[in-house]
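Going line by line, the protein sequences match chains A and B.
If you count by this note's numbering, then the first sequence holds residues 104 to 351, one letter each, in order.
If you count by this note's numbering, then the second sequence holds residues 3 to 249, one letter each, in order.
Watch out, some of these pointers could steer you wrong.
PhoX-like, lysine-lysine: derived pairs with alpha carbons at most 20 Å apart [as the list claims (entries may be wrong)]:
id, chain 1, residue 1, chain 2, residue 2
1, A, 211, B, 32
2, A, 211, A, 181
3, A, 211, A, 246
4, A, 217, B, 32
Derived by calculation from the structure, the hints in this document are not laboratory data.
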Amino acid sequence: MIEVTGLYKSFGENKVLDDITSSFEEGKTSLIIGASGSGKSTLARCLVGLVAPDEGGVLFDGRDFLGMTGKERRGMLKEVGFLFQGSALFDFMTVEENIRFPLDMLTKMSTDEKAERVQFVLDRVELKDAHKLFPSELSGGMKKRVGIARAIAPNPKYLFCDEPNSGLDPQTSIVIDNLIHEITQESNITTVVITHDMNSVIEVGDYIMFLHQGKNWWEGDNKSILKTENQEVLDFVYASEFMKKIKA
Amino acid sequence: MASFLYHLGRYALLIWRVFSKPEKVSIYRKRLFDEMVTLGLDSLGIIMIISLFMGAVITIQTSANIDSALIPAYTIGFTARQSTILEFSPTIMALILAGKIGSNIASEIGLMRVTEQIDALEIMGVNSGSYLILPKILAAVVINPFLVVISMFVSIGGGYMIAQFTDIVSVPDYVYGIQFDFRPFHVNYALIKSVIFAFIFTSIPAYQGYYASGSALEVGKASTRGVVFSSIVILIANYVITQLVLI
Ligand SMILES: Nc1ncnc2c1ncn2[C@@H]1O[C@H](COP(=O)(O)OP(=O)(O)OP(=O)(O)O)[C@@H](O)[C@H]1O
Ligand SMILES: [Mg+2]
Numbered sequence: 104m105i106e107v108t109g110l111y112k113s114f115g116e117n118k119v120l121d122d123i124t125s126s127f128e129e130g131k132t133s134l135i136i137g138a139s140g141s142g143k144s145t146l147a148r149c150l151v152g153l154v155a156p157d158e159g160g161v162l163f164d165g166r167d168f169l170g171m172t173g174k175e176r177r178g179m180l181k182e183v184g185f186l187f188q189g190s191a192l193f194d195f196m197t198v199e200e201n202i203r204f205p206l207d208m209l210t211k212m213s214t215d216e217k218a219e220r221v222q223f224v225l226d227r228v229e230l231k232d233a234h235k236l237f238p239s240e241l242s243g244g245m246k247k248r249v250g251i252a253r254a255i256a257p258n259p260k261y262l263f264c265d266e267p268n269s270g271l272d273p274q275t276s277i278v279i280d281n282l283i284h285e286i287t288q289e290s291n292i293t294t295v296v297i298t299h300d301m302n303s304v305i306e307v308g309d310y311i312m313f314l315h316q317g318k319n320w321w322e323g324d325n326k327s328i329l330k331t332e333n334q335e336v337l338d339f340v341y342a343s344e345f346m347k348k349i350k351a
Numbered sequence: 003m004a005s006f007l008y009h010l011g012r013y014a015l016l017i018w019r020v021f022s023k024p025e026k027v028s029i030y031r032k033r034l035f036d037e038m039v040t041l042g043l044d045s046l047g048i049i050m051i052i053s054l055f056m057g058a059v060i061t062i063q064t065s066a067n068i069d070s071a072l073i074p075a076y077t078i079g080f081t082a083r084q085s086t087i088l089e090f091s092p093t094i095m096a097l098i099l100a101g102k103i104g105s106n107i108a109s110e111i112g113l114m115r116v117t118e119q120i121d122a123l124e125i126m127g128v129n130s131g132s133y134l135i136l137p138k139i140l141a142a143v144v145i146n147p148f149l150v151v152i153s154m155f156v157s158i159g160g161g162y163m164i165a166q167f168t169d170i171v172s173v174p175d176y177v178y179g180i181q182f183d184f185r186p187f188h189v190n191y192a193l194i195k196s197v198i199f200a201f202i203f204t205s206i207p208a209y210q211g212y213y214a215s216g217s218a219l220e221v222g223k224a225s226t227r228g229v230v231f232s233s234i235v236i237l238i239a240n241y242v243i244t245q246l247v248l249i
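Next comes chain B alone, as it looks inside the complex (with noise of 0.2 Å):
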């Protein structure tokens, strides 16, 4: 318990340290732009196929479990629709990235830590928290709203694609389903909920990484630190969320 507190602590003055006022916000731009390329473009392939697939997998799922005439076709493509955007799309891909960027985040920062390249900056009176972890986080927070949209229309589209080439479903049932009393505060549920988790897959591996300390051995164990965290607060923040905004 007194460890939590002690990391929390210092998590919460770290991120204060980052968000302080950046020296030369010309040099911030650059690197803030770089990240986001790096980050949209690396994890669109991946955020892709796992949609695509989620899609099918999710259609073929519901129309396995509803064997019931009472239940009409087009529940189907609903529940294919509630799920990806309430769930799938935005959750399930934070959890994703939190596997790949927070891995890559955490042994980046942890690496430029033991081999002192950390020091290096503070030596040049650059704030090395901010310069190194705002525009990841930053980053992450753009695009990755982006990245649950485009998630979402591949996933919707997986399903399309079974109704489209099987029978479990006909099209017209299907694309009435997704259709079917369509709200879009669930779409800004999600949203908000991509925001917050981009935030966390980025944050707590930038922090496992910062601290990091010792040899290249130690930077693999804040890697996986920065994963593991990261999945769970995920995990308990879209329970809180969902708490919060749905009931």
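One chain only, chain A, in its complex shape (with noise of 0.2 Å):
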């Protein structure tokens, strides 16, 4: 479980984040949704430390990250999977090389078991033959899709996805956020996804958080989203009119 307290975030003037709590339960895929700009990689970024937040705590399992030093931190840190919003695939590496790294850095296991998990994960994410391929030579989906498998390839106890299927087809979409939804259950996952993609929302939101303006302004699960009625979340919502003939 990953706990959220009284998060403060500004750059200059423009403040990001404004209190924002709220808690993230192991073995659920929760999702942060929210209009592009809202603050949504920021406060993933404040998480796991890459921007340092103006105040506020966070706790995983109880540990104070936001309190440790850094040698606590990259020691926590291993059993973090983070996808970033542009992959962030390491340019110089090939696809099977990219997966490996972290199994190289951060387990023990031979070169066999790592061999097998790299390609059990590539299975997954449905790239059976792009091992040797750099990221100069993948689509932007496929580049998200080796990110994926990047980052759940050492079995992290928290795993984040920053807009994991932007970039997808629907139907890709479908399975990737499938497989997010599954390992999650599978091995009890603390999962944090953000997305913009109603299709992702209404299929595997065990919980929901609407950031706007900066605010944890509305909190929910998938079905109670389809029933609000707060305005925000309902423009956000049936943004579309697709989304206003099923509500129809």
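Please assemble the complex out of the two chains, which come individually in their own frames, going by the hints.
This is the structure we're talking about:
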């Protein structure tokens, strides 16, 4: 479980996070939704220490992450998988090397075990034959999937995915959503997914936080979000004609 | 001034982190080897071409500027050797490499910064500064003295070619000149410089790249700053070392 209390972050005059309090439970897929620029990525980056919040606390199963020393943090980050919005694959490594890298760094697996694990996660993101390709040879959606494979390869306890299905076709998108949902349940991971995809929200949203004006504006799950009366959430959810029709 | 101190402090902190104990030595070993190969092989060609012409030009220049019968002909070879060993090979080569390797390092690391690859390393609990920068600094510090020695030989060889193929100076005079009053200490002095300069032209561009932010445009600027600052620092360091060691 990850608990966030009273988190604030501003960039100069720009107040991005304004008193965020929430908790993300293990075995559940928690979603952070909100308009572009609402601070979703910034929130995720604050949670793992890539951005230093101005104020607030983050507890990983009771461990005070922000209060840790650099060394303690590095130790804890070994339990974290993170998919970046731009994938952040290492350019100078092939797909295979990218996925094996965290295994080299974080685990004591043998070479064979690593090879097996790489194959396993590549299969799960439906990229069977991409081993030897470099990131520059992949499409945007393929990069995303390699990024997910790399994030889940070392069996993290905490998984963060920043827009895992932006740039994917609807079918692959569902495959990825289901994959994240499944491994979250199978391995009892605390998973936080940032998305603006309403499909994902409905399919896998065990918990949903709606960020608006830097605040935790609304929270609930994929059932309650369809019944809410909150105007800003309604505007977000029923932005498309398609969703409006579903409602009607 | 405040900004200078800010950068100096942040640079020192980065270097501190770069040299803190690495987590997995085996991974560094491979990266160090790769960097040494790239650095050595990729720079060898340009070093040799520049050194060859440099040696030839110093020889011609020296003879053109000495037209007194009182000065012995071997002075040409002697001067060519001294300027090559003391300044041209260690210092000019460092400036060339600051341009070539420095810009490369700054843009490579800068691009990794703006595409969040450095963040990805940090998330994996990897000391990104050490992982990315340490192999580059060590590789340069180890390889640069070899490049400088090669440059010395090629440059003096360039002068020899002038002696051989023109009548500016005779071969025996040149050969006598390059052996005249040879002090091994001067080579050591050049090697010390080559190590210090290698540290400068890798660590400063690495710092610029590591703290690049924003876009590819910023990476370009970081790369330029890396080259300019490392060149200036090399020249200042050269002055200081010369004062300390030779006087
Ligand atoms: N390093 C930074 N320096 C200054 N401002 C920043 C920085 N990072 C983010 N911001 C600002 O914070 C705000 C939120 O950005 P963030 O990337 O968190 O949005 P987001 O919700 O992830 O948007 P998107 O859905 O488009 O990815 C934006 O106004 C952005 O300009
Ligand atoms: Mg974002």
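Now the hints, each set against the structure:
With a C-alpha separation of about 18 Å, the suggested pair residue 211 (chain A) and residue 32 (chain B) falls inside the 20 Å cut-off, and the hint holds. A C-alpha spacing of about 12 Å is found between residue 211 (chain A) and residue 181 (chain A), which places the hinted pair at or below 20 Å, so the restraint holds. Annotation: proposed proximity of residue 211 (chain A) to residue 246 (chain A) is violated, straight-line Cα distance about 26 Å (limit 20 Å). Among the hinted pairs, residue 217 (chain A) with residue 32 (chain B) is consistent with the structure: their alpha-carbon atoms are about 18 Å apart, no more than 20 Å.
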